[in-house]
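Participant: Spelled out, the chains give:
2 protein chains.
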Amino acid sequence: MANSVENQNQHKTLDLPKPKLRCIVKLGGAAITRKNELESINEESLGTVCTQLRKAMASSPAARAAGMDWSRRKGNPINASDLDPVTEFSEIGVDSDFIIVHGAGSFGHFHASRSGVHKGGVHLPLVKAGFVATRISVTSLNLEIVRALAQEGIPAVGMSPFACGWSTRERNVASADISQLIKALQTGFVPILHGDAVLDDLQGCTILSGDVIIRHLAQLLMPDYVVFLTDVLGVYDRPPTDPNAILLREIAVDEDGDWSIVKPALDHSKGQDVEITVAAHDTTGGMETKIQEAAMIAKLGIDVFITKAGTEYSERALKGEVRHAPDDWLGTVIRSVRH
Amino acid sequence: MANSVENQNQHKTLDLPKPKLRCIVKLGGAAITRKNELESINEESLGTVCTQLRKAMASSPAARAAGMDWSRRKGNPINASDLDPVTEFSEIGVDSDFIIVHGAGSFGHFHASRSGVHKGGVHLPLVKAGFVATRISVTSLNLEIVRALAQEGIPAVGMSPFACGWSTRERNVASADISQLIKALQTGFVPILHGDAVLDDLQGCTILSGDVIIRHLAQLLMPDYVVFLTDVLGVYDRPPTDPNAILLREIAVDEDGDWSIVKPALDHSKGQDVEITVAAHDTTGGMETKIQEAAMIAKLGIDVFITKAGTEYSERALKGEVRHAPDDWLGTVIRSVRH
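Protein chains in written order, with UniProt numbering: chain A, 1 to 339; chain B, 1 to 339.
The hints are simulated quantities; they were obtained by calculation from the structure and are not laboratory data.
Some clues are possibly wrong.
The calculated DMTMM-like cross-link candidates involving lysine to aspartate or glutamate, where the alpha carbons are at most 20 Å apart (straight line), are [said to hold, decoys possible]:
#	chain 1	residue 1	chain 2	residue 2
1	B	K55	B	E315
2	B	K183	A	E170
3	B	K18	A	E170
4	B	K183	A	D69
5	B	K18	B	D69
6	A	K183	B	D201
According to the in silico footprint, chain A covers these stretches of chain B (three or more CB under 8 Å from chain A) [unchecked claim]:
#	region
7	35-43
8	133-141
9	175-183
10	187-200
11	210-218
12	253-263
13	308-322
A virtual CB, placed ideally from N, CA and C, is assigned to each residue, including glycine.
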């Protein structure tokens, strides 16, 4: 895949001191939404993810969550004159050097597929309409995720790639001014980005996936580690629903970006190959693309952990406690051969 | 007020061909939300505003609205496999050379006031929490307005100033990269911006008002005209609830930005002065600031119309049919003395 780091952005980034970035987290669409039900959030999963994120980011173990979503409760009109000044915020209690990127799941994918946004042609009425519909869908999900994080006391701020100026050229990142994202990080906020409908220099428009966004950010900002939270335990050698599916525990990546399975050792003479499931509606490439994006991050020396959201395994991965592929940790580690 | 057009932005804008911009519209928070009820939209008013906007933007009188909000109906789970590809979009039917900016109304103002975001100090836990809460509130309103416009067939795309990189210095616009906004316009979308919590170079953070955003955009992009939609007929010489209040029909602005009331002719010997209502909770300056911002736009030769949303007067103003201050048009025109 062509080098997507645009020179102008590198220059812009060099102007600013490189922020301390501990981790970039991908919230997979399948992990936090109900896949086959249009625009339906998996509330329980999202809640657990937020709790685990807060624990991973906590600056002091005893700090209690200070809710930052002060919205009106559904159906409960509040007379504004009843609101008192807020005085009980003595501390935030989190160190916020995380970036979070989420997928669309059952928000956006359907709208994009129906109208062909990923294929371009934004001048066409149907595609233009689909672009608008897709953005409404993904930004509504973004808002709900920001709310959930804020309720957990995480100082989350939504930053939609389209609005921030991310654009593509033949579906690779062409420009992405991350100076505002860096300032937000340095001010102590947690930027929440997402897969989005964006403008494309050649084909007019396309869908920019959360995975490509993460890879681009990792290349520019060099986090300590990256965690992908999904709805399955990790990468398998065949569709996970197959009873014979084997969890790939460790994948090593060399300097050219080529990857091989280290653990478990697969018997190639029996023709065991990795057959990756690609969901039909996922317009951005599915699991195989995810491994490729993860490999491009790992070859920089950044460990990537893919595991199931809301488990003890995701909790340890988010805290940065997982090294290599421990026997008592279920998930996939993708790392450089040099690590 | 200091010149807020930052050199770097002028340079960036000169790189791009200036887009054709017919009108910038301000949707006043008081016009589309219920002022004293926290986070409550005035659905009827918003609906009428969107219908009028569509009529003003229609490229062909007979074009029917093609809804672009494909969300799940509240409470109605949709099985995604039931969705068919959309084929009935033959035309959009609007010429989209408008920009819309909305205020916060009962979304955001309370959160900002409670925590003092407008006064700065983003390193303080309370202010940081208030910043997050304010952004959640204003972006949720932005989403609802984008939905309402999209349902009316207007290709609206939300562009939050904080995410787009708008920032202030001592509360004046310090930087605002509008290149993405220009690209969106040129692609045929209608950008929807809003008053937002932003970073401030000196005081850490503040609230950037929709009125300042409009003035900044007008200076850079030179629209044909600007319309402010409010909850009263225009600017009055005293609080409009006063039975003796007089509607100021026409205000003329000279090259220095000084303004005077042209119509009606006020008797200064009786000490009739303009006493402008400033709502206590409005953290961005109220009506007097609005006249000053409007005057700064008018002195560039751009006519500004302030009138009540959802009336025949707003409909005519949006269509660009109002010249000077006709006897049968109720509202306030603010124009250059040279017009």
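Participant: Taking the hints in turn, state whether each one holds.
Facilitator: Going down the list of hints, with the structure as the test:
1. For the given pair, K55/B sits about 8 Å from E315/B by alpha-carbon distance, which is consistent with the 20 Å threshold.
2. Our distance criterion of 20 Å between C-alpha atoms is met by K183/B and E170/A, whose separation comes to about 17 Å.
3. For the suggested pair K18/B and E170/A, the alpha carbons sit about 25 Å apart, so the restraint of at most 20 Å is broken.
4. Using a Cα cut-off of 20 Å, the hinted pair K183/B and D69/A is violated, with the two alpha carbons roughly 33 Å apart.
5. For the suggested pair K18/B and D69/B, the alpha carbons sit about 30 Å apart, so the restraint of at most 20 Å is broken.
6. Restraint check for K183/A and D201/B: the C-alpha separation of about 11 Å stays at or below 20 Å, so the hint holds.
7. Given as covered by chain A, the region 35-43 of chain B passes the check, having 5 residues with a CB less than 8 Å from a CB of that chain where 3 are the minimum.
8. For a cut-off of 8 Å, the count of residues in the region 133-141 of chain B with a CB near a CB of chain A stands at 6, and the three-residue condition holds.
9. Remark: the region 175-183 of chain B is confirmed as covered by chain A, as 4 of its residues place a Cβ nearer than 8 Å to a Cβ of that chain, reaching the required three.
10. Counting residues of the region 187-200 of chain B whose C-beta sits closer than 8 Å to any C-beta of chain A gives 4, which meets the bar of three, so the coverage hint holds.
11. A stretch counts as covered by a chain when three or more of its residues have a beta carbon under 8 Å from one of that chain; for the region 210-218 of chain B and chain A the count is 0, and the coverage is violated.
12. With a threshold of 8 Å between beta carbons, the proposed coverage of the region 253-263 of chain B by chain A is violated, since 0 of its residues qualify and at least three are required.
13. With 0 residues carrying a beta carbon less than 8 Å from a beta carbon of chain A, the region 308-322 of chain B misses the three-residue requirement, and the given coverage is violated.
Going down the numbered hints, you'll see the structure goes against 3, 4, 5, 11, 12 and 13, while the others check out.
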